[in-house]
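J.: Sequence:
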Amino acid sequence: MSRIGKEPVTIPANVEINLTATEVSVKGPLGMLQRNINSDVIVKHEGDVLLVEGANNSRQANAMLGTMRSLLANMVQGVTSGYEKKLSLIGVGYRAQVAKETLNLVLGFSHPVTYKMPEGIKIETPSQTEILIKGIDKQKVGQIAAELRALRKPEPYKGKGVRYADEVIVMKEAKKK
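The sequence shown begins at 0 in numbering that gives the first Met the number 0 and counts up by one.
Hints are supplied without guarantee of correctness; some may be wrong.
[As the list claims (entries may be wrong)] What follows is a set of in silico ranges between Cβ atoms, one per label pair, in the way DEER data are often shown: (1) 94 - 121: 14 to 24 Å; (2) 107 - 43: 46 to 56 Å; (3) 176 - 3: 47 to 57 Å; (4) 46 - 94: 49 to 59 Å.
What the hints contain is simulated information worked out from the structure, not anything from laboratory work.
Yeah, the Cβ is synthetic: ideal placement off N, Cα and C, and Gly gets one too.
Make a model of the complete structure from these sequences and hints.
T.: What follows is the structure in structure tokens.
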């Protein structure tokens with residue numbers, strides 16, 4: 000049985016949980032998230048904790064136990080404090096700028112790259128070479144960061160490109176004569 004799945008999810012005082020047989024919705028100070036419950040698990044709301052139990056003793060139920068518990072914990076954390084990812088632009092002339100609902104990027108191509116911000120995600124540029132992605136859905140924030148990084152992945156010789164702020168690029172040695 001999953002060790003993570005056994006742990007209860009504590010619910011802060013300012014978070015409201017609505018639980019049905021097939022769906023759970025979490026409402027907090029930053030917004031509201033909802034998710035379908037997998038049929039192999041049972042979610043119970045007891046006092047100020049959420050408990051996740053397997054519906055049966057199958058391998059699939061055991062696998063989904065820890066997954067569902069982590070998803071619920073991420074939802075609770077998202078509506079209370081939110082999530083953020085930071086990207087850095089490394090390269091001469093690489094810069095980013097937010098204009099209304101789009102992110103304008105200059106990444107060394109012959110054309111500027113525009114990225115439309117999805118609903119529920121806030122993108123900020125504290126400086127021209129930094130991008131800050133904020134939101135309440137952990138999966139969405141990570142997906143947007145991965146899509147922006149994929150526009151110009153860091154290359155291994157000079158390290159130019161879009162990278163996560165805490166990412167370390169292992170540099171290759173240049174060809175010698």
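J.: Hints broken by the structure, by number, lowest first?
T.: none
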